[in-house]
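K.L.:
Single-letter residue listing:
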Amino acid sequence: MTARRDLAVAVAIWAVLSAIGVVVVLGTQILPVIASREAEVVNGAFVMLTVASVPILMLVVVPIAYSAIRFRASDDDETDGPPIHGHRAFEAGWVVVSLVLVIGLAAFGTIGLLEIRGGPDADLEVRAESTQWAWEFAYPDLGVRSKELVLPVDRRVRITIVSDDVLHSFYVPAFGIKQDAVPGRVTYLHVTPTVTGTYGAQCAELCGLGHTKMVAGVAVLELSEFEAWVAEQQPQQP
Amino acid sequence: MDRWRRPGLARGVLGGVAGFAVGALPIVAAAQLGADIKPGHGLALGYIGAQVGWLLGLGALRFWTAWALGRAADPVDQAAAHGRAGDWTRYFRFTTDHKVIGLQYLITSFVLFLTAGLLAMVLRLELAQPGRLMDGDTYNTVMSTHGIVMIVVALIAIVGGLGNYFVPLMIGARDMAFPKVNALSYWLLPPALLLIVANPLLGGFDTGWTAYPPLSQQANLGQQAFILTFITLGVSSIISAVNFLVTVARMRAPGMSLTRMPIFVWALTVTTSIVLVATSVVAAGMTMLLFDRLLGTAFFRPSAGGDPILFQHLFWFYSHPAVYVMAVPAFGAVLEVVPVFARKPLFAYRLAVLSFIGIGVLSFMVWAHHMFVSGMADYFHIPIMITTELISVPTGIVFLSALGTIWLGRIRFATPMLWVFGFLWNFVIGGITGVFLADVPTDLALSDTYFVVAHFHYTIVGGMVYGLFAGTYYWFPKITGRLMDERLGRAHFWWFTLAFNATFLPMFWLGLQGMRRRVADYPADLADVNLWTSVASSTIALSTLVFLVNAIRSWARGPKASANPWRAHTLEWQVASPPPVENFEHLPTVTAGPYEYGVSASGPVIRPGGATGH
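Which chain is which? The protein sequence lines are A and B, in order. First residue of the first sequence: 1, per the numbering used here; consecutive thereafter. First residue of the second sequence: 1001, per the numbering used here; consecutive thereafter.
Just so you know, the hints here were simulated from the structure itself, not pulled from any lab data. Ideal Cβ placement from N, Cα and C applies to all residues, glycine included. One should not assume that every hint holds.
According to the in silico footprint, chain B covers these stretches of chain A (three or more CB under 8 Å from chain B) [stated by the list, open to error]: (1) 28-40; (2) 66-75; (3) 79-87; (4) 104-114; (5) 148-156; (6) 160-170; (7) 203-211.
No farther apart than 16 Å at their CA atoms in a straight line, the calculated lysine to aspartate or glutamate pairs in the EDC-like style are these [what the hints assert, rightly or not]: (8) A:LYS213 - B:ASP1521; (9) A:LYS213 - B:GLU1126; (10) B:LYS1560 - B:ASP1485; (11) A:LYS213 - B:ASP1135.
Extracted from the complex, chain B is given alone in its bound form:
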């Protein structure tokens, strides 16, 4: 019975259930007294209660509540919350070590990735042949859930996973600036993720991840699960973004000037700046949508003077920058890996940093290219088309930097480098086809067709997921202290890459034939290509099993990794694998840039009282 007395998962679940009851019961009572109550009211207040009860039971708020009650800080509990090396239970409770939180994000992301991937298999089963297998509501719910869960994966996997794990290590810090806020950002997610995965039990929702009103105003209770999840994710992202920015601003080791920061850290800095500025806009939009559904407001209700297009502006003002929240960390991971395996300094490092900043600024000026056929004013198409096409200039610089580093290099094709090459191939296709969607005349034909589906899978899967795999294969030895199997890694890469391209290249063609996105059926003359696509997509799922087997087997009994198996120069490789709980016994002093390959033999670090790292 001890587990109920201490904060933890068990008490968190109990707190969540109790919180739901406390939140929802007044609504039930009001309904009994004849108030105009919908189930949505109960779900909304019950969910808020459940979140509070969950966090309280988990102990996520205990340090702040103690402070608020005037109790002295408990250093023993603080140290316990940070966790001890080798204690597996720290991964299942409120732990403040950034490396634990990074792994929690990473594993959660992979579980969600597999879940949403299986939903995609269901979609491709329906689309394998003309005609219908399932009813329209089921199809729409599966499609919408696949969309939003994959969006969550794309938003949190690199930033929350690899970012949390490696940013403090790479800048020479012992942890993030606000470790408790960091843990809170993760533990806000489980109730929200549970809610969105369980949305079919609430009737599902049929609006896709874009949730456009008025359809989202008339949709089932599952829609509300979507809105609550979206807002929770927003809160989690914002507090996490503040944490990253303060960490990078204040926690860098001596000598780690901005011009010596690893490119991955720069990528995360720009990314979290975007998150901080943009997220509250969409949270406001979603809250207004929730009020329209529950409180009788009419922000987006045309019959009462509201404007559905306003929602689209609020939505895309966040959701297009969000594309760069997915892509820029992948750029960072890829450019981090390239110099190590090309054995050359990162080409045009400063220009690459400027390009990230340029992407960050421009990302706020392009949102309406999602709305070229929405009915917004014609003249507004022109500036948006120009800014959207302009963003290909800084994105092109990422290619310049990668190709310039590879050129004349001494290239080792270890698995991480394969994913970099795959990234470059996919992302140039994703980028070029993006120009067709940015150009108004072609977009009038392509908008809302499979061309769009193909394009964003090339950028998000071909870009973000390839960056994630490049980073995961690269940093796996650091995280686990074990080497991954290279042969299985190569098999995974080639299989995934062939299957991915075989699945999504034909979708460009389908879009040109006029096949609409988000439909469950299509004309018979598109049957062959759709069948091909369905078969190919199922092999993507199978290739992921190779990765799973490799990761689990290597983690359990792969060969031990040295501190620096890739002979990289950045700081995370100058500590043991896996790193000790506090990362650095002595904080390092940094004496040179992170990519001085061909200049010095190893990482440029001076330890206090020790010899230089040269």
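One chain only, chain A, in its complex shape:
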């Protein structure tokens, strides 16, 4: 009977701590800056995974803490514990629950992937050109080149990424996503900035001596400001 009571007490502690943990997680902002629709999807995935993590963490922490206190034997105690070799139903339950959990997480992950990588055509195309150790941004439809990435807010942008030397990776933390630049290939990502402001782009794939300093500014502007910026950048018609 005491064995059953130990289990009941531990389960109760687990349930209480898990509930507290979930509340704490839901009250915490995980990504510090969320400035794009893609970052919202990513942050949603963070919240879902973190909530799912809390009971799993407690499933390990509660038994080890409980056992360390409750089942501790003195150093001169030479008795053995009960010869329990396993518990078929419990083992089966553990495996089935973890399988179901994993399939659920993978399904959510797939939906998130479709939201970020799929979707409609873009309103604007920008080419991010990487080289050791700098970024340059070309706007093929507008005839503009810039050292800074300037984007209009709430417009879906397709950023194609190229490199002329080694691997780089285009990473804007505020947009929540990154994509490697691969010499000989054209890679891409879609981003829809949702908050105006200035952010940073950085190279996330080790590219040698100047990797640390391979950063660029990102500005998200209102559409009218963006159009003014484009007009300013465009070579004057003769």
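Guided by the hints, dock chain B onto chain A, whose structure is given.
P.N.:
For chain B alone, coordinates are given in the frame of chain A:
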């Protein structure tokens, strides 16, 4: 002058130097005649010559060369190569006793661990404050060398060290199946390790341990030191893996059925199966990279039609399973220790064995989760995400087995058990954060950030190194015949654990803030946390000194250990501490499983002509 006449270290070094000259001189000559020669050509051929000369001088090949020349086997020399008890020189020559080789691996691993740990201190010094102390090349070389040396430690410490020492003892064998191959697997390493540690003299390398081309194609000669070391380590691992598998298949004592094998032996069996299948793939990739650098091929050279992403596939097809080559032996060590100190049979033993096998199989289907932002096709993300998350099911079973054993146990918190509890805490964090990296949406944000750095330190240090320490504290009395100091052991555990968590938990946060991995500088608003991390990491290094003092002092003059100080049931504890040269005077007959705590009082062994061990 006698030392030059016999095979040994001195003649090995001489052979290595001579071999380097023989290998490199033709290249120098060809350069004089106007051939398009780079220093890399000389280094590659010189290194091969040096390895051959070293092994010949050391006497590592003498039995096989004698056979090839048609000479009769020399039983006196064979016995001498096995070594005599109490002869310390056997640790410094080509010795075929698995226990000597195990200790050679173990001590080598600790030396490398300390070396690479000091390099980490240099990294944390640079990162303690925003701004730069050292130039970019120096930082990248220190970072890359720290990475690859620690990878070597993680790959060889438990498998080569504890595995070599204890697998034959635990299955009731007198040695490994191929003792000379076993010694060869160790003695291939010193030239390679010397080369990688000396890479800064060759200009260093700046690609991290992943060596992605095209950067690795344009990098310094130090890069080539890295490639040659990597390939050598691969050869050593493969022959060692064959040896383990044959040993477990053919050398078990009567009655040691597969279902009675200690869980640590099962872990090593699965681990070495992974090594055997995966290693040649990365060796091929590294060889192609070497050819791209030296012979003008274009496997990974985009300007000539090659594909840099192909390298990533070859690299991770080995290097993700390699993570389990590090982790599964630690699972084995931890599950080996738990029943002894909980005084209960290992919970769900058969399911745990199946989970190891499941991890081994699944480990080959998850490699591309390292490449979610690499530019590979989008649809390939989905199956890889599913298989990667699936591997948490068998890994979860390891927890089930450990927690089920602890539950209702009679737990003794001797030092080995503390490391088990530390392992469970660290590895659940490492495992959960691994799911964030397996899930594509979150990985798009986290890939190549400090979140990844924190995650793999929680799995490799928090998992593998904790398994290593659990095993080392557990088996120290068996290896040395002396008990370790429990108070210093406990101090080491608590200090290391607090310092380790204080260092790496904040790195998850840094990653979420967008701090990239492998950078020498960061925005000023991350300064406080980085300073904290740097200070905390230096205390990890200091805590290791407690272990060193304890190990050296206990080894020299600790209290004598009995044959079985922990009252464990497995076979290695049924022989003297330290075990005699041939392990068992009479091969034991095994009559029951290894963890029958609460069923019988001691290990289930019948000796020929003797009473049962019950």
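K.L.:
Checking C-beta pairs, does the region 148-156 of chain A have three or more residues closer than 8 Å to chain B?
P.N.:
That given contact is violated, which follows from only 0 residues of the region 148-156 of chain A lying within Cβ reach (below 8 Å) of chain B.
K.L.:
Given the hinted pair B:LYS1560 and B:ASP1485, is their alpha-carbon gap at most 16 Å?
P.N.:
With Cα atoms ~12 Å apart, B:LYS1560 and B:ASP1485 stay inside 16 Å; holds.
K.L.:
For the region 66-75 of chain A, do at least 3 residues have a Cβ located nearer than 8 Å to some Cβ of chain B?
P.N.:
holds (count 6)
K.L.:
Per the coverage rule (Cβ-Cβ under 8 Å, at least three residues), is the region 160-170 of chain A covered by chain B?
P.N.:
Result for this restraint: holds, n = 4.
K.L.:
Given the hint that A:LYS213 pairs with B:GLU1126, test it: the Cα-Cα distance must not exceed 16 Å.
P.N.:
Within the cut-off at roughly 15 Å; holds.
K.L.:
Tell me if chain B covers the region 104-114 of chain A under the three-residue, 8 Å CB rule, please?
P.N.:
The restraint on the region 104-114 of chain A holds, since 7 of its residues have a Cβ under 8 Å from chain B and three suffice.
K.L.:
Check the hint pairing A:LYS213 with B:ASP1521 against an upper bound of 16 Å on the C-alpha distance.
P.N.:
This hinted pair holds, its Cα atoms lying about 8 Å apart.
K.L.:
Do at least three Cβ atoms from the region 79-87 of chain A come closer than 8 Å to Cβ atoms of chain B?
P.N.:
Per the Cβ count (9), the hint holds.
K.L.:
Within the region 28-40 of chain A, is the number of residues with a Cβ closer than 8 Å to a Cβ of chain B three or more?
P.N.:
Result for this restraint: holds, n = 5.
K.L.:
Holds or violated: A:LYS213 and B:ASP1135, Cα atoms, limit 16 Å.
P.N.:
Judged against 16 Å, a Cα distance of about 12 Å means the pair holds.
K.L.:
Quick check: do three or more residues in the region 203-211 of chain A have a beta carbon closer than 8 Å to a beta carbon of chain B?
P.N.:
holds (count 9)
The structure shown violates just one earlier hint, number 5.
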